[in-house]
Each structure stands twice: as structure tokens, then as C-alpha cells.
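Asker: Listed below are the residues making up each chain.
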Amino acid sequence: MKRIPLFLFVCLLVSSCNKDSETEVYVPVPIQVEWPENFPEMAYNLDNNPLTEAGFELGKDLFYEGKLSSNGAIACAFCHEQAFAFTHHGHNLSHGVNGGVGFRNAQPIQNMAYQTSFMWNGSASHLDLQPIIPITSEIEMGETLSNIIQKLSADSEYQEKFDRAFDDGEVSTENMLKALSQFMVMMVSSNSKYDKYVRQEDNVTLSTIELDGLNTFQQKCTSCHATDLFTDQTFRNNGLPVNPLLNDTGRYEILEDPNDLYKFKVPSLRNVAVSGPYMHDGRFATLEVVLDFYDAGAVDNGNVDPLLLREDNTYGITLNDYEKESLIAFLKTLTDNEFLEDERFAEY
Amino acid sequence: MKLLKYTFAFLACAAITSCSSDDDNSDSNDLTGQTGEVTLKFDNGVGDQDFIFGTTYNKSNSESFQLETLKYIISNVAFTDSEGNTFMYPTEDNVFIVDEADGNNAGEIYITLNDLDAADYVSVSFGVGIDQDRFALGADGQGDFLDEASDEGMMWSWASGYKFIKLDGTFSTSTLTDEPLNVHMGSVGTALDNYREVTLAFPNTVLVRDDASPEVHIKADIAKVFDGSTTANFADGYDQVHTDVNETPIIADNINTMFSVHHVHND
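Going down the list, the sequences are from chains A and B. Residue numbers for the first sequence follow numbering that gives the first Met the number 0, beginning at 0 and rising by one. Residue numbers for the second sequence follow numbering that gives the first Met the number 0, beginning at 0 and rising by one.
In short, the hints are calculated from the structure, not lab data. Values in this document were obtained by computation on a predicted structure and should not be read as measured data. Where a beta carbon is used, it is the ideal one built from N, C-alpha and C, also for glycine. Treat the hints with care, since some could be wrong.
Pulled from the structure, derived: some chain B residues nowhere near chain A, Cβ distances all over 12 Å [what the hints assert, rightly or not]:
{"id": "1", "residue": "S63"}
{"id": "2", "residue": "N113"}
{"id": "3", "residue": "D177"}
{"id": "4", "residue": "S228"}
If we take Cβ atoms under 7 Å as the criterion, some of the chain A residues that face chain B in the derived model are [unchecked claim]:
{"id": "5", "residue": "S145"}
{"id": "6", "residue": "Q149"}
{"id": "7", "residue": "K150"}
{"id": "8", "residue": "T172"}
{"id": "9", "residue": "L176"}
{"id": "10", "residue": "L244"}
{"id": "11", "residue": "D247"}
{"id": "12", "residue": "I253"}
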């Protein structure tokens, strides 16, 4: 992985004959994605898309670019706002071009390099190809890939940016998707109070109530919200009552396997205090309501995760008032202000 | 050690970026260095009939169908010669869409493959759809095919992935008439792999030479999509096939039985 930039550099010196002198030259300046010591293995294969400064910058421009949508107004960032861990603040369901309302709550974009599948039902399995879904979806961005490439090719600034970011310098779908991935791969949130506590950095300690919350969390939540990503990356049904208006069957949509009914990707809980509303349809506005739901609101919708079955044959996770209070105190330690305010990811 | 690394990098670069200068080999008896082209002509039919849009075809279970769209993805075309050597067409160019609407008057769709090593080829193999390795490469492995597939409607917009085959039209059964028929079978990430490969022996040897461009006439019997190794009835839900974990592998296996080489031309 580290050898790639060297390889490319040597290539650049050697391959004088296949490149006619262009205005902008591709001189890759490699950048490193963080791999915090408390994180699991990275899932994204950097060998196929080595990160460079110019590639990352181009990806950022594209993420904030309205031209990626049919009406010129809906950029990725429209639904993914940095201050809210790149979610669509204030919207339980996202809306896109022409005011169309989508079916699901926008997910945070953070630590994508460590994720093995994307979207609430896992309908994307490779980060590079995920953007094709919002771009071509009629209710989100309503565009076609070739149309975007036409628009970007007509823009001399983008021409130059692609020249700087990629060896072949082409304004192409392949390079656009690679750049978007480079931007998203770099978006690592790993500097919350909790992180500093577990990595024993800066003498950070947790208060008694935060520690009690962590303790309860480890007993009652980590079977699904596992590892320091706070998700085991599986699809599960946590007993939410089915909303008949949407009848969102979740993972079932993909393989039409009855065992998958109402299963959704276990969400990471990083920055959860700022990424509300909660659940795949954004039905809960606060963390208090989420915990009340786990305690007393889960229903037997036919396929609930067996881990949630209680001795009295009801589904849920019993939580007393102090456990709820301390869990929320703990969840707030997962807020990473360095990430939420990181200028590298900001529009301006 | 460092030096070794540099040397390696240098050599690899030199190999990759050597300016194209065809070292022409004019020794006519020796095939080494010679290259040629082969055209695969895909010819869709239904049983013994030519395939024609809008024509109603009968299948088993007293069901029938007619189509307005008929497309599929072919990839990883490779040829094997009489000595057992395999020539794999360069991976990044080795993916094609066979679209009946692109057919000539005879309903044939051509895929022309250039720069094949000259040899006496005895069989061809190819896959229908996109294999797991190519998909796992992300944007890097898809290249310009992304735009082509997207423009041709061969990608889903609700999930990221390819439709390996796209049949759109209507069907009728003993109880239903002209209901929508949509078979959009594909793989689902690594969770469901519906890529299949087929190997077809040539009835006579295909001679690829500098000065010979053989044509291989491949018949695709669309009836096999529904009446292949397994019978798939519209009445049982095979009128709408997308990513279903049970239905799609059956369609994938059926499609794998639909190809045959009818004849080859060595000119």
C-alpha cells in the first residue's frame, strides 16, 4: 500500500512518451487515512484507489457540487451536513430534487473505510459504487452518470482538477467515483472523549455517570453495537413497530428472504447525540425516546432478534431510569467535535 | 533491498508504459507475434424461431411472453487453442452488452475482439454478468463500462449493482393476460453471486491470423431463460425477477444453458 506512490512516481519519470504535454500535471501527493488503534481492520482496498491530496480535494468539491443533480441544487452535502455528522438535520425522511420525499433517514458519513456494506439495507457493497444510487434515484438527485460527466467536462476548472487528481486526467465516471471515495474514506471520526479515554490520551477520564453508562452499554448493547465502531455490521430486527404507511421491509428488499424481514443495518453510534432523528425512518427525535423504546416499546413484528427476547416472553431491553440517564451520558462521550468541525471536510 | 524495489518498479513501468510500436513479425509460418481479430455474432432466438420484438412466444405450462427489451452482459471472453493454451482478452476491455435493439437486419449483434494471439482455437468461454473479482475492484474495475451500463439501463438505481440480463415485456398464463414481465437478474454484492461461465467448443477450428478474421456465430435460445435446466413459470412468480435469493440463481443457471455455437467462418 505504501509502495504505490513510489511506484507511480517512478512511472511518471519513465513514461514520458504516453503523455502529451498538458496544462496540469499529475504529481501524486500521497495522503494517509487514519487507522486508530481502537478500530477494527479497514475494509476499503486502497490499492485500487490510492489516496492523493488532489484526489481528496476533487472528491470534496464533488461532494459539495450541485451539478451532480438534475436541477443543479442538490449536492450530496444537501442531505449530509457536517455539523450533524453528515446527516440531513431536521428531516426524518430525506427529500431531494423536485421536492420528492425519500423513504429513509439519511445516515451519517463517517468511518466509511471501515464499513463492509452501505445503506440501511446494505444495498451497496462497495463504497465506490454507492453514489450511483443517490445520483440516479429519481427522488434524490435524478441525474445520469453520463450527463454529469458532460456537465463537468464543460467546466475548465474541473478539467484541471481531474488532470491533477488522476494519471489519465480524464473527466470520467470512474474518476469521479474514485474521488468521492477518497473524500469519504478520509472522513474518520475517532477523537471523541470516549476514544481518548480508551486510548489513554491527554489524561482524559470519564465521569462516574459516564462510566456507569459505559458499563450498562457493555452489558446490554454491545451484542449488536459491537467494537469501537459500535456496530457489528450485521442486519437485525430490533422490534420497531412496522409503519404501515412505508411498510419498509429493510434487508428483505434485497434477497426477498423471509428471514430478512424488517432487518436493518445495526447503526454505528458515533456522534449519535448530534445525528438525530433516529432509526431507519427517523421516527424518534431524542435518545430518551430511543431508550424508552428499547425498555417498553418493542413489539413482536414476527422476526425480532432473539437477543431481545426477555424471560417474560416480551421483546426489549429492560432499563431503569438511572441506566437510561447514564447510557445517554455515555453516548454523548461519542461526540467527536474535532470531526464535526474538521476544516478538511468543510465546504468553506 | 531498496535498490531491488526501485529496479522492480522501473522494470514494471517499462513493461507497462513502453510506447506502442508493433514489432511486426513477417515470418508467415511462425505464428508468434502474429495477432488477429475474431467477431462473435450473437443471434437471439426462441427455439427454432428468430427472436423478434413484440412477437408472442409460447413456453411450458401454457404460458406465453413477448418482449420489448432484451439485453445481457457478456464478460471475460477467453479462447483456448488446440494445445490447451488460453488467451484471455484484456480484462478492462472484456465486458460487453449484447442488446437485441443493436442488431443488424438479421438480428445479429457483433462483438469484435482485436489483437488476439494468432492460434488454432478450439473453444471459447465467457461469463454472463460481472464476476465477484471485477465488482470488488470498485470504480477501478468498472472503468467506462459504468457509463455504458448505466445508459443502457443495466444498473439498478435502488442498489449498486448490475442487471446481468434485462427482459422487459408482458406475459400471459391460463388466468392472466398481458401482465408486466421484468427479469432483471444480477448479483447482490458478495451476498449473492449469480455470475456464471459457459464454455462452447467450436465445430471446427477457428484460425486466427494476421490476415484472417474469423467469425463465430453464437445462438442464444431465449426460451431457455424460462425452460432451461429448471422450469420457471410466471404463475410461480418468475414474472418479476430482481434480486430474490431463490429465483435468481435458477434464472442464472438457465441462462447458462442458452448459448451454442452454430457455425464458424474462417475467411
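Asker: Each hint should be assessed against the structure and marked as holding or not.
Answerer: Outcome of the hint check:
no.: 1; hint: S63; result: holds (25 Å)
no.: 2; hint: N113; result: holds (19 Å)
no.: 3; hint: D177; result: holds (25 Å)
no.: 4; hint: S228; result: holds (21 Å)
no.: 5; hint: S145; result: holds (5 Å)
no.: 6; hint: Q149; result: violated (10 Å)
no.: 7; hint: K150; result: violated (14 Å)
no.: 8; hint: T172; result: holds (5 Å)
no.: 9; hint: L176; result: holds (4 Å)
no.: 10; hint: L244; result: violated (19 Å)
no.: 11; hint: D247; result: violated (12 Å)
no.: 12; hint: I253; result: holds (6 Å)
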